[in-house]
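J.: Each protein sequence line maps, in turn, to chains A and B.
Residue numbers 1 to 438, in my numbering, belong to the letters of the first sequence in order.
Residue numbers 1001 to 1356, in my numbering, belong to the letters of the second sequence in order.
No incorrect hints appear here.
Quick list of simulated restraints, FRET-style, between CB atoms: (1) A:D162 x B:A1179: 51 to 59 Å; (2) B:G1106 x A:A247: 35 to 43 Å; (3) B:R1169 x A:E276: 35 to 43 Å; (4) A:N330 x B:T1290: 38 to 46 Å; (5) A:A247 x B:K1105: 41 to 49 Å; (6) B:T1290 x A:A247: 40 to 48 Å; (7) A:S434 x B:E1220: 54 to 62 Å; (8) A:R235 x B:K1284: 55 to 63 Å; (9) B:E1104 x A:V431: 49 to 57 Å; (10) A:N330 x B:P1021: 17 to 25 Å; (11) A:E107 x B:K1105: 32 to 40 Å.
Note that these hints are calculated values from the structure, not bench results.
Because the structure is a prediction, the values reported are computed rather than measured.
Heads up, the beta-carbon is just placed ideally off N, CA and C, and yes, glycines get one too.
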Amino acid sequence: MTALVIRSGHLIDPAAGVDLLKDILLKDGRVAEIAAPGKLKQANGAEVLDASGLIVAPGLIDMHVHLREPGQGYKETIASGTAAAAVGGFTSVAAMPNTFPVNDSPEITRWMQDPERGAAIRVFPVAAATRGSKGETVNDFAALKSAGAVAVSDDGQPILKDSVMRETLAAAARVGLSVIQHAEDTRLMQGAGGNASMNLGPVSFKLGLRGMPPEAESGMVERDIRLVTELRDARAHLHVAHTSTAAALAAVRQARRNGLRVTCEVTPHHFLLTEEHVGLYNTNAKMNPPLRSAADRDAMIEAILDGVVDSIATDHAPHAVHEKEVEFENAPNGITGLETALGLCLRWLHTEWKMPLGRVLSLLSAQPAALLGLKGRGTLTVGSFADVVVFDPKAEWTYNARETKSKSRNTPFDGWTMQGKVRWTISEGRVAYSAETT
Amino acid sequence: MSPTAAKARRLLHLPPVAALPFPYHPGSLLSASDLSLDGLNHILTRATALENLDPLVRDRILAKRRVALLFYESSTRTRTSFELAAKGLGADTTLVSSLSSSIEKGESLKDTGLTLRALGAETIIVRSNFSGAPWLLEAETRLPVLNAGDGMHEHPTQALLDLRTILARLRPGVETVTAETLAGVTVSIVGDILHSRVARSNMLLLPRLGARVLLCGPKELLPDLAAQAGPGIPPQQQGPVAGDPGIAIERDFDAALRQSQAVMMLRIQAERLAGQQLDLEEYKASYQLTGPRLAAHAPSAIVLHPGPIIRGLEVTAGVADGPQSVILEQVKNGVAIRMAVVERALTAKANQGGRA
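Isolated chain A, as found in the complex (with noise of 0.2 Å):
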């Protein structure tokens, strides 16, 4: 494999507390070396990326996305969809188990992570926690961890049932796995016909859709802890995911305060948008959770900036367009993101809200590798991985969802003024992602 100097770049490792001026080398897929600018001693002959004036750092980590393989090839295939993720920066995705078929097997973990996918960048599946992600009979996890499984979710399908999660948690902490919960209590859904597409309140009375209530989350959340609580000497470890409700996070972050391995993430979509964001029926505003209050919306901010967040993660989940060219209720739940988290982070956190930079990138990647316990990503130190973040942090754009790599569009984010251009993305030495130069 050729070697990769990446020189004169300002490199920031949250994980490893760098914040300098280097040149790295990058050889057989590994870190090599790092040095001062113009200092390292092993680059003859190596390829040369001029970073001056970028941003270096650990490439970023999503621990939520939905690439839509096997099954629905036409929303997203694994190509495609780590094709976007590399646009964005990201040189590892963890990948949900909704597919079809669910991936709750070792054979389906496995090919996820096939070569023959044409993944540009490393794809880590979560597996499904229950048989079929039915909630009913827990899968065999050591084997799906020896598979690449990295966590265990029925996400999209909350394990009800407090025996199976209870039981979810303590295999899953028997094999060192985390457990994903997408927390949100379906039985509390008003009306039979489970029909809710957006937040209750006075925004879902206003528009006549039926309403999905925060305590959906929140109680969910709740139980979760209380099992956690009763499984501490197993150090059983649950991660929320996609957090959008001020309740869901009084309640992880009074877990923490209690010593617990509660851990969460939330996606750009809940700390920027709200309700109020579905307008008239904007099916591309319609997700699962749902656009939240204002309240609630602060209240993600509030948690993101005071640390008790542990992830951004994009749950990004591509759906054709035909699909949500429909009336809202009949829109399926889900909007990309992987192309935009970067941009609006760096927008939004850092620059208009004052987040340190290495802060918000350790959110992006040194964070959720620890959560996922990616050994050797995360970090740039000598020796790990060489997946590798290179942009502009000034460089505003807007964003277009036309140009997407991914095979479908439904964001929100279509014309919004994005911070922190890409340059290159970097994964496991080799050149994923590089924006075209005039």
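Chain A is fixed; fit chain B onto it per the hints.
T.: Relative to the frame of chain A, chain B by itself:
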């Protein structure tokens, strides 16, 4: 969040909510809130003028223009009313209903709309069981779209005909309305507010003319947050409590009646209850409008009902047929209002009668 943190957060710059492009077409009527006061007066004035016109003159106004009625839900009065209104102006109408069309075969609303447009439809009148469907149809076809009822959301022509009925009885002789025309008037809307598009459209329309709207019903059918679904007040004029002074909840039906000059009774929409259980005997005891109740608490109020009426449930037969009932006047006003609305759809130019 601590109060100081909350205050600090309010100082944060946040992403704005984008202005909405609807309605795309100045002839569309999607929501009762689409109309400015000028637009409203235009419709009220035209309704009267068209109603008084010689039918043989009237049917040249939209001679041979093409109006499509796209009905995904069963309907008697709204469909017939729109059809008579369009035909009364000389237009050709065609009805597409869910039980006799490609809709049954799974065609999407977008494709059905584009097909109707290709067939020459110049406006589409749509009734859908899905809230928001008319907005989708307008965005996809860019034709003038008239909302004949969408899910639990809105039914703007019903609110307009209710307004015309209320004006004729409570403000006889008033030709044009202002923000004060209905000052001092309390309209109670009673029953299944949660599932009612008629309630939502009236809540958006009546307070803008100065009326106070009282919502009355049990919690299952009238959640507290309904009080916030009015036309709204610009944020800079809002006090410490968000909400709308024009809309309030009064769960005691007798107390609501005592304050009302108009009472709008709603049907319980069993088809939208979606598993909710409701004790009908208890409901009738609390919310049925009976002769004695009306005589005791609102002896001079007018009684409206958008239909269909379930006699013996929300109202007794005696009240529906009684001297205070204006239910059939509502039906008659519906044709006049819909003539004005269909005419506007096919003649509106940009910036004429739209929301200011």
